[in-house]
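There are 2 protein chains.
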Amino acid sequence: MNQRRVTLADIARGCKVSRATVSLVLRNSPLVAAETRKKVEAELKRQGYVYNRAAANLRQRTSSSVALVVNDLSNPFFAEFAAGVDEALGAAGFVTLLGSTGESTERQRKVLASLSEHAPAGIILSPAEHSDGNELLKIVGTHTPVLVFNRKLPHARWDFLALDNRRGARLATEHLLQLGHRRIAFFGGHADSSSCRERRQGHADAMQAAGIAVEPPWLIESAPTRLQAAAQTSALFVRDPAPTAAVCYNDAVALGLMLGLHARGRRPGHDFAVTGFDDIPEAAVCLPPLTTVATDPRGRGRQAAERILQRVRLPDTTPSELHAAAELVVRGSTCKPPHS
Amino acid sequence: MNQRRVTLADIARGCKVSRATVSLVLRNSPLVAAETRKKVEAELKRQGYVYNRAAANLRQRTSSSVALVVNDLSNPFFAEFAAGVDEALGAAGFVTLLGSTGESTERQRKVLASLSEHAPAGIILSPAEHSDGNELLKIVGTHTPVLVFNRKLPHARWDFLALDNRRGARLATEHLLQLGHRRIAFFGGHADSSSCRERRQGHADAMQAAGIAVEPPWLIESAPTRLQAAAQTSALFVRDPAPTAAVCYNDAVALGLMLGLHARGRRPGHDFAVTGFDDIPEAAVCLPPLTTVATDPRGRGRQAAERILQRVRLPDTTPSELHAAAELVVRGSTCKPPHS
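Chains as they are written, first to last, in the numbering used here: chain A, 909 to 1248; chain B, 909 to 1248.
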């Protein structure tokens, strides 16, 4: 394997034309005669010349990459989101630079610094918990547009693509109220994250409208993962009478809670009602299939990519907030309360 | 938002030093006095200067990115693999360029061409089905090292990181034989993909060693996804006596088959035995938990990243094949045959 890259000079020498002619061929200039073009193209192929986009970008002071920074790629919600981003960027001729933070603000600093050195045209950022906009601006600089996804970033003056957390959780809670539930827990998530606060607010909205006071033991925290949620199941049943239903922070939490219920001899969808949030692919095929708030993470990924490309073209417009619609998908995990 | 990037000249002007001095500060040169360094650093911060890695790479003719091309990021196996790649590349100071092919050789051509223009130091490629090494070499060129993952690429002279497909499937089949099964199907995957061929071979090895002839109706194809596998469940039961166990192509197929069995009133782990392949995170927490061949996709991602970085440092050594070990993890989805 030859380590040296083939240069314009190599090609020029190989087919006995000037470097300027090779350069014109590469830029599809009409100034080159058809015969000459053919000869140069054959030589480019023969020597395996790869056009250097980074060099071209520098010459033109543009970039054809967009950076995507997510919390955790192995979470199906973010995997779907990333697939949507990559799909839309690819269709527009951009490539995706990838970074993940594992919810660590320190790793986020490093990842953003490293990605920024590659001069992406823009950055799509799903911030780690406890991130601060001012601090991130110092790393990214003022010249690269950023689209913040999912979590509101304090002190940021960037575009923001939000899920309609409050309305989504209200819809799920209203569905359970209509089935006859009165003791409805909000289960999982970290109370100090913006998305959890908003979803809890939606739950409170619906309960209040139904004239029911939310009791503090019905608000149960857990890390937003399946295993942590399963381990927290018993917290639902410490008081008698216990809740008969739970609005879960997200689908991973709901799947974990369903496992925890099974392990305690309960049957979600028969004697306890569970709702999720996200509608990850698994929600439709788990047992029982999960009633959940659909946010279409792949569609959100495409939307984020399209928004950042717009911003790259029109950098001087005012930052905006987009709120993606959420809708309830009713499946088998919700049921009437027992003895109703 | 100011669109123009801050240059060395802007910084030099701003703090009244030469451009060369600014450049020395950026390269951490010991030639700059502490006082001057402080002044320049303050000015870099004030103007929001972002070091341009692409420009530095061009000057030094090196690259600090590695491209990762997978079939489908929303498949948990590849999401875990990508998380592992990004983890190891990030730790080595490299960024990940991402592309996905959706198993289309045409999209793969475009994605590789576009990523190659960014001059990555190397490429980690999990090829789409029916890819050809000769054709891909023309796109990538001879100067960029490639590590092929998962599927053997005809006509390629690149490093190859393989899962031990044959041994893994043999282990799963032997486990079912030990439980007393005799009619053991191989379920799912496309018969013309190299990984499916190898896994079928492992199944055949174990059956042959036990003196059992594999009957053609026990070899059932399906796309390697949960939904397609669920839809194929009935193909297992067209003949009497039907198989009492299935070695599945991968975990997604096994999860789909378990859903299909439930839908037919069967209980995997009680009256039908199922094994998977991969050990995706879900395998441990589904119902029943899945007996499967663990390949540690996140560990494989880290291994692929480390291998390609080695190759970048030593490009002239002979391409090698690495076979990652596979081991059987026994959980609740395997049981003795009924009436045994």
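There's no promise every hint is true.
No copy is singled out in the list; a pair is fine if it fits within one copy or between any two copies.
What the hints assert, rightly or not - Straight-line Cα separation of at most 30 Å, DSSO-like style, residue types lysine-lysine; simulated pairs:
(1) K947 / K1244
(2) K1046 / K1060
(3) K1060 / K1018
(4) K953 / K924
(5) K947 / K924
(6) K946 / K924
(7) K1046 / K1018
(8) K953 / K1244
(9) K1060 / K1244
(10) K953 / K1018
(11) K1060 / K947
(12) K946 / K1060
(13) K1060 / K924
(14) K1060 / K953
(15) K1046 / K947
(16) K924 / K1244
(17) K953 / K1046
(18) K1018 / K946
(19) K946 / K1244
(20) K1018 / K947
Since the hints were derived computationally from the structure, they do not count as laboratory data.
In this text, all values refer to a predicted model and were calculated from it rather than measured experimentally.
Cross-check of the supplied hints:
In this assembly of identical chains, K947 and K1244 lie within 30 Å of each other by CA distance neither inside one copy nor across copies; the values are 76 Å within and 69 Å between. Taking CA atoms no more than 30 Å apart as the test, K1046 paired with K1060 passes inside one copy only; the shortest distance there is 18 Å, against 45 Å between copies. Proximity of K1060 and K1018 under a CA criterion of 30 Å is satisfied intra-copy only: 20 Å inside one chain copy versus 35 Å between copies. Taking CA atoms no more than 30 Å apart as the test, K953 paired with K924 passes inside one copy only; the shortest distance there is 15 Å, against 49 Å between copies.
When the C-alpha separation of K947 and K924 is checked against a cutoff of 30 Å, the pair qualifies only within one copy, where the shortest distance is 10 Å, while the shortest distance between copies is 52 Å. Proximity of K946 and K924 under a CA criterion of 30 Å is satisfied intra-copy only: 13 Å inside one chain copy versus 52 Å between copies. Within a single copy, K1046 and K1018 get their C-alpha atoms as close as 12 Å, which meets the 30 Å cut-off; across copies the closest is 35 Å, which misses it. In the homo-oligomer, the alpha carbons of K953 and K1244 never lie at most 30 Å apart, since the shortest distance is 68 Å inside one protomer and 60 Å across protomers.
In this assembly of identical chains, K1060 and K1244 lie within 30 Å of each other by CA distance neither inside one copy nor across copies; the values are 35 Å within and 53 Å between. For a Cα distance limit of 30 Å, the shortest separation of K953 from K1018 across copies, 17 Å, qualifies, whereas the shortest one inside one copy, 39 Å, does not. For the homomeric pair K1060 and K947, neither the shortest alpha-carbon distance inside one copy (56 Å) nor that between copies (35 Å) is at most 30 Å. Within a single copy, K946 and K1060 get their C-alpha atoms no closer than 54 Å, and across copies no closer than 34 Å, so neither meets the 30 Å cut-off.
For the homomeric pair K1060 and K924, neither the shortest alpha-carbon distance inside one copy (59 Å) nor that between copies (40 Å) is at most 30 Å. In this homomeric assembly, K1060 and K953 come within 30 Å of each other (Cα to Cα) only across copies, at 25 Å, whereas the closest approach inside a single copy is 49 Å. Taking the shortest Cα distances, K1046 and K947 sit within 30 Å of each other only across copies (17 Å), while inside one copy they are farther apart (50 Å). With identical chains, the CA atoms of K924 and K1244 are never at most 30 Å apart, being 82 Å at best within one copy and 75 Å at best between copies.
Taking CA atoms no more than 30 Å apart as the test, K953 paired with K1046 passes between copies only; the shortest distance there is 8 Å, against 44 Å inside one copy. For the identical chains of this complex, K1018 and K946 are inter-copy neighbours only, at 22 Å across copies versus 46 Å inside a copy, given an alpha-carbon limit of 30 Å. In the homo-oligomer, the alpha carbons of K946 and K1244 never lie at most 30 Å apart, since the shortest distance is 73 Å inside one protomer and 68 Å across protomers. Taking identical chains as interchangeable, the C-alpha atoms of K1018 and K947 lie at most 30 Å apart only when they sit on different chains, with a minimum of 24 Å there against 47 Å within one chain.
When held up to the earlier numbered hints, the structure conflicts with 1, 8, 9, 11, 12, 13, 16 and 19 and fits the remainder.
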